[in-house]
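2 protein chains.
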Amino acid sequence: MSYETTDQALSALKKLEGTMAAYDHAMGVLYLDATTAAPSESWEGRGKTMEVLSQITYDLLAREENGELLAFLEAHSGELDSQTRREVEMLRKRYDEIHRVPAEEYVAYSVLLNDAQNVWNKAKLNDDFDAFAPYLEKIVTFNRKFAGYYHPEMKPYDALLNEYEEGMTMETLDVFFAQLRKAIVPLLEKVQSAPQIDDSFLFRHYGAEKQRVFSDYLMEVLGIDRTHCAIAETEHPYTTEFNNKDVRITTHYYENNLVSSMFSVIHEGGHALYELGCDDKYNYTVLAGGVSMGVHESQSRFYENLIGRSRAFVHAIFPKVKELFPEQLADVDETMFYRAINKAQPSLIRTEADELTYCLHIMVRYEIEKRLIDGTLAVKDVPAAWKALYKQYLGVDVPNDREGCLQDSHWSGGGIGYFPSYALGSAYGPQMLHEMEKDLGDIWADVSKGDLSRVTRWLREHIHHHASFIKPGELFRQVCGEFDPRYYTDYLTKKYTELYDL
Amino acid sequence: MSYETTDQALSALKKLEGTMAAYDHAMGVLYLDATTAAPSESWEGRGKTMEVLSQITYDLLAREENGELLAFLEAHSGELDSQTRREVEMLRKRYDEIHRVPAEEYVAYSVLLNDAQNVWNKAKLNDDFDAFAPYLEKIVTFNRKFAGYYHPEMKPYDALLNEYEEGMTMETLDVFFAQLRKAIVPLLEKVQSAPQIDDSFLFRHYGAEKQRVFSDYLMEVLGIDRTHCAIAETEHPYTTEFNNKDVRITTHYYENNLVSSMFSVIHEGGHALYELGCDDKYNYTVLAGGVSMGVHESQSRFYENLIGRSRAFVHAIFPKVKELFPEQLADVDETMFYRAINKAQPSLIRTEADELTYCLHIMVRYEIEKRLIDGTLAVKDVPAAWKALYKQYLGVDVPNDREGCLQDSHWSGGGIGYFPSYALGSAYGPQMLHEMEKDLGDIWADVSKGDLSRVTRWLREHIHHHASFIKPGELFRQVCGEFDPRYYTDYLTKKYTELYDL
Chain A
114 MSYETTDQAL SALKKLEGTM AAYDHAMGVL YLDATTAAPS ESWEGRGKTM EVLSQITYDL
174 LAREENGELL AFLEAHSGEL DSQTRREVEM LRKRYDEIHR VPAEEYVAYS VLLNDAQNVW
234 NKAKLNDDFD AFAPYLEKIV TFNRKFAGYY HPEMKPYDAL LNEYEEGMTM ETLDVFFAQL
294 RKAIVPLLEK VQSAPQIDDS FLFRHYGAEK QRVFSDYLME VLGIDRTHCA IAETEHPYTT
354 EFNNKDVRIT THYYENNLVS SMFSVIHEGG HALYELGCDD KYNYTVLAGG VSMGVHESQS
414 RFYENLIGRS RAFVHAIFPK VKELFPEQLA DVDETMFYRA INKAQPSLIR TEADELTYCL
474 HIMVRYEIEK RLIDGTLAVK DVPAAWKALY KQYLGVDVPN DREGCLQDSH WSGGGIGYFP
534 SYALGSAYGP QMLHEMEKDL GDIWADVSKG DLSRVTRWLR EHIHHHASFI KPGELFRQVC
594 GEFDPRYYTD YLTKKYTELY DL
Chain H
114 MSYETTDQAL SALKKLEGTM AAYDHAMGVL YLDATTAAPS ESWEGRGKTM EVLSQITYDL
174 LAREENGELL AFLEAHSGEL DSQTRREVEM LRKRYDEIHR VPAEEYVAYS VLLNDAQNVW
234 NKAKLNDDFD AFAPYLEKIV TFNRKFAGYY HPEMKPYDAL LNEYEEGMTM ETLDVFFAQL
294 RKAIVPLLEK VQSAPQIDDS FLFRHYGAEK QRVFSDYLME VLGIDRTHCA IAETEHPYTT
354 EFNNKDVRIT THYYENNLVS SMFSVIHEGG HALYELGCDD KYNYTVLAGG VSMGVHESQS
414 RFYENLIGRS RAFVHAIFPK VKELFPEQLA DVDETMFYRA INKAQPSLIR TEADELTYCL
474 HIMVRYEIEK RLIDGTLAVK DVPAAWKALY KQYLGVDVPN DREGCLQDSH WSGGGIGYFP
534 SYALGSAYGP QMLHEMEKDL GDIWADVSKG DLSRVTRWLR EHIHHHASFI KPGELFRQVC
594 GEFDPRYYTD YLTKKYTELY DL
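As you go down the protein sequences, you meet chains A and H in turn.
So the numbering used here is basically just the index in the first sequence, starting at one, shifted up by 113.
So the numbering used here is basically just the index in the second sequence, starting at one, shifted up by 113.
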């Protein structure tokens with residue numbers, strides 16, 4: 114296929130992007146269905162369908178004629194508008210990457226991941242790491258191989274990091290995590306020797322039906338348009354989007370825990386606001402949706418922690434919380450609630466971790482992933498390494514693998530290199546808040562009235578709006594200047610010093 | 114593409130069928146999502162995705178190389194096993210049909226149907242036939258045109274009937290419906306002059322939460338394996354299947370009606386049992402799933418009416434019904450319940466109609482479809498024709514189009530020619546029951562204990578098992594001999610004579 118005019122090539126480009134978007138949508142809905150509604154023993158047929166569609170989407174992107182199309186458009190780059198130039202750049206990156214993966218490996222990997230999800234689910238349930246180990250082994254091997262295909266010039270783990278946060282390296286992360294540890298570890302020690310906060314009332318009985326009403330209320334406070342965003346229930350909360358008019362979040366209701374779903378909804382709601390805020394013009398192109406995992410997590414954790422765990426937010430929502438759960442919270446006031454949802458203590462489960470210890474959980478995973486990929490840690494030794502690192506970083510003894518190295522879904526989903534994004538996102542947030550407050554002045558009077566409109570408008574204008582048009586590092590610099598983790602460590606220090614009266 | 118060996122062609126056939134099955138699955142899940150979980154204003158992106166996938170699935174089937182493949186396999190038919198021969202025959206039918214539809218019309222029609230669903234939803238809500246009329250107009254025009262493409266040798270409406278029940282014609286249906294009317298109309302007159310049954314207790318307040326528990330119980334009595342069959346909630350109940358290990362039914366809970374969802378679950382459960390009972394060997398081929406709408410409805414209505422509205426079934430489930438709704442049914446006994454769920458009276462809504470009047474609702478639609486397709490009725494005159502026919506057949510005055518010609522989703526979904534299947538299916542059932550009782554003897558002792566295993570086993574062996582391997586007419590004859598509607602009219606006469614003590 115050769116192109117005679119730029120218009121001809123542009124229409125081929127639009128067709129390619131539209132087709133890719135349609136397959137993404139279809140496969141996204143298959144995944145959503147699998148996790149929310151599908152009967153338990155229906156994975157076989159879904160596996161076959163995913164195998165067929167994976168092969169087709171592989172062919173769709175990897176075929177040689179796309180190379181010609183991209184080369185033509187690159188050669189005529191002067192005639193393209195900036196959006197199209199960026200589309201070509203993104204497609205080039207994906208084309209080059211996928212083009213280097215042999216089709217049979219790509220499909221075998223998709224099939225492996227479909228199986229691995231099921232195996233992991235059961236392995237976690239049965240606390241049976243050995244059942245999952247052969248799958249993790251293969252996933253690690255594939256990832257190491259893919260890293261070499263993607264960026265033979267990089268260290269393999271750097272190449273994987275680059276998939277989630279373009280430009281990120283172990284060198285940068287090692288420094289970043291060292292800085293965090295230096296601030297967090299002594300702070301946590303002080304917190305632990307201070308009088309402890311009573312949060313036991315958060316773990317009374319909270320019926321799922323009422324928690325569902327609470328979710329609807331939180332979505333309303335977050336200003337999420339429900340005609341474009343639905344909530345479903347899954348084992349592990351997540352957000353998925355099909356376009357900026359169709360976003361889904363999920364949560365999980367535990368009847369002995371009020372805050373697990375509450376902060377899932379606010380966290381996933383933050384992801385949803387990012388997706389819903391993307392400009393329409395990027396829909397059905399490769400620029401649709403958030404630009405990186407790090408920036409995505411910066412938004413979800415902005416809403417979850419900087420807003421959701423703030424005094425002002427608690428002030429806004431506490432009357433409703435009391436109204437929904439009058440008996441469970443009869444002896445609880447606003448300050449007690451605020452302190453309870455911010456209680457810091459080393460624990461086993463990342464997703465339930467408090468703001469202060471959260472990044473320590475990430476560091477454990479980061480260390481293990483680094484070693485798995487560079488081959489200095491064998492899969493069979495992951496449970497022992499996990500336990501040793503939890504002891505070292507968090508001071509806790511991990512009693513089993515279910516609450517240890519089997520707790521997260523990321524590895525079974527192939528997401529090696531993803532975890533550091535959570536820590537980066539956490540650290541991006543306070544620096545964004547600093548810039549926001551420069552522009553808007555005090556935002557907390559609004560927040561304490563449950564009015565997040567100015568906050569969201571600012572984030573939409575500076576971040577959401579751009580979808581994937583601006584690279585993550587560049588976007589961050591454009592909004593905040595150079596990244597400096599000190600905004601984050603200062604924020605934590607101030608918050609926990611006040612909270613525990615240190 | 115030409116084939117050198119039969120094995121080569123067979124592997125191309127398997128690949129084609131597997132790919133078609135994957136797209137069916139993906140598009141089926143998109144539809145399921147749209148009707149169960151999607152946010153209300155998300156249709157635009159789904160429309161784009163469906164447009165892309167419709168174009169692709171059109172190309173997949175219509176492409177010339179399939180013609181060569183089928184011709185090769187037909188020429189080597191002696192080397193094929195009987196299953197493969199039937200696969201080739203089915204594909205040939207679909208290939209010839211689709212091949213005659215120009216691609217742009219096929220895609221335009223898919224897009225039209227996506228839009229029409231939304232327009233119809235709103236039109237129904239607002240009782241606004243004029244809003245829907247232009248869409249129905251286009252749907253009728255497309256169907257008339259497609260009928261000519263499919264079977265130029267047939268009358269257009271016969272060609273459409275043939276899509277849902279191979280071999281069915283207006284000539285046959287006119288006779289069939291006349292026979293039904295001859296039996297039903299005088300029976301209904303007698304029923305109406307007999308003392309009326311009190312069914313008012315069915316319309317007390319029945320909370321959705323308890324109705325959900327009731328659904329689970331009914332699924333258990335039906336013997337449906339929930340690890341392969343889930344229930345969701347939609348405006349209009351339906352069944353969809355992705356393969357014989359992944360079937361979904363939907364229902365709708367009305368809190369002022371105990372039986373609407375109850376009989377939806379049993380009806381859709383009947384469809385589900387058919388799909389779940391198909392032999393594994395047909396999965397991922399064009400022979401997967403039930404063979405025709407008429408046979409499908411024979412199964413759903415078998416469970417709904419012959420079983421679900423029988424004295425024996427009521428005896429089995431009534432204790433559970435009382436347990437779930439003790440206050441609402443405090444003054445109700447088993448016989449009252451049995452009589453109430455069988456109360457016959459002319460009414461407006463097909464899906465809520467009793468067994469006796471049900472087919473009269475179908476006849477109204479049949480008459481209107483015939484006239485729409487042969488051009489003797491204009492779309493703008495449908496409401497008036499509807500009202501006149503309801504008055505003539507059922508003696509009722511239709512107060513508005515919401516409860517009149519806008520009530521069903523079939524036309525907005527393109528399903529012209531589908532309705533007669535409901536009547537055929539209803540009439541097939543009693544003849545199947547007759548054969549079943551010849552083989553099994555009395556089944557009602559089992560049913561009255563809530564044990565449907567022998568009934569379902571018989572249907573599985575004689576019907577479900579075969580999926581689409583045997584043509585509908587042939588399958589029916591193989592099981593029951595010649596179709597004779599008298600089994601149905603005799604059944605209705607006996608049941609309603611006893612019930613109303615005529």
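Please keep in mind that the hints were generated in silico from the structure rather than gathered at the bench.
Treat the hints loosely; a few may be bogus.
[Unchecked claim] Chain H side only, calculated, beta carbon under 8 Å to chain A, not exhaustive:
#	residue
1	132
2	135
3	143
4	190
5	336
6	339
7	349
8	353
9	359
10	397
11	583
12	586
[As the list claims (entries may be wrong)] Far from chain H, by Cβ distances over 10 Å, these chain A residues were calculated:
#	residue
13	139
14	143
15	153
16	159
17	189
18	244
19	342
20	361
21	397
22	423
23	468
24	564
25	597
[Said to hold, decoys possible] Think about it this way: if two alpha-carbon atoms lie no more than 30 Å apart in a straight line, the pair counts; the simulated DSSO-like pairs of lysine-lysine are:
#	chain 1	residue 1	chain 2	residue 2
26	A	258	H	161
27	H	295	H	127
28	H	251	A	235
29	A	235	A	206
30	H	235	A	161
31	A	251	H	127
32	H	251	H	504
33	H	584	A	128
34	H	127	A	584
35	H	161	A	394
36	H	295	H	607
37	A	435	H	323
38	H	251	H	235
39	H	206	A	323
40	A	268	A	504
Just so it is clear, CB atoms sit at the ideal spot from N, CA and C, and this is done for glycine as well.
Evaluated hints:
1. 132: holds (6 Å)
2. 135: holds (4 Å)
3. 143: holds (5 Å)
4. 190: violated (27 Å)
5. 336: violated (15 Å)
6. 339: Since the shortest Cβ distance to chain A is 6 Å, the answer is holds.
7. 349: The hint is violated - residue 349/H has no Cβ within 8 Å of chain A, the shortest such distance being about 17 Å.
8. 353: Violated. Min distance 11 Å.
9. 359: This interface hint holds because 4 Å falls under the 8 Å limit.
10. 397: holds (6 Å)
11. 583: violated (23 Å)
12. 586: Result: violated, 30 Å to nearest chain A Cβ.
13. 139: Given a closest Cβ separation of 4 Å, the condition is violated.
14. 143: violated (5 Å)
15. 153: At roughly 5 Å from the nearest Cβ of chain H, residue 153/A sits no farther out than 10 Å, so the non-interface label is violated.
16. 159: For residue 159/A, whose nearest Cβ neighbour in chain H is about 7 Å away, the distance does not exceed 10 Å, so it is violated.
17. 189: Holds, since 26 Å exceeds 10 Å.
18. 244: Holds, because the least Cβ-Cβ distance between residue 244/A and chain H comes to about 20 Å, which exceeds 10 Å.
19. 342: Answer for residue 342/A: violated, closest chain H Cβ roughly 6 Å.
20. 361: Nearest chain H Cβ is 8 Å from residue 361/A, so the label is violated.
21. 397: violated (6 Å)
22. 423: holds (28 Å)
23. 468: holds (31 Å)
24. 564: Nearest chain H Cβ is 23 Å from residue 564/A, so the label holds.
25. 597: holds (39 Å)
26. 258/A - 161/H: Given that 30 Å is the threshold and the Cα spacing comes to 36 Å, the pair is violated.
27. 295/H - 127/H: Roughly 49 Å between the alpha carbons, so the hint for residue 295/H and residue 127/H is violated.
28. 251/H - 235/A: violated (51 Å)
29. 235/A - 206/A: Judged against 30 Å, a Cα distance of about 36 Å means the pair is violated.
30. 235/H - 161/A: Roughly 37 Å separates the two Cα atoms, so the pair is violated.
31. 251/A - 127/H: holds (29 Å)
32. 251/H - 504/H: holds (28 Å)
33. 584/H - 128/A: violated (40 Å)
34. 127/H - 584/A: Status violated; Cα separation ~44 Å.
35. 161/H - 394/A: Holds: residue 161/H and residue 394/A sit about 15 Å apart, inside 30 Å.
36. 295/H - 607/H: holds (15 Å)
37. 435/A - 323/H: Given that 30 Å is the threshold and the Cα spacing comes to 27 Å, the pair holds.
38. 251/H - 235/H: OK: residue 251/H and residue 235/H at ~18 Å, within 30 Å.
39. 206/H - 323/A: violated (54 Å)
40. 268/A - 504/A: holds (29 Å)
Hint compliance for this structure: hints 4, 5, 7, 8, 11, 12, 13, 14, 15, 16, 19, 20, 21, 26, 27, 28, 29, 30, 33, 34, 39 are broken, all remaining hints hold.
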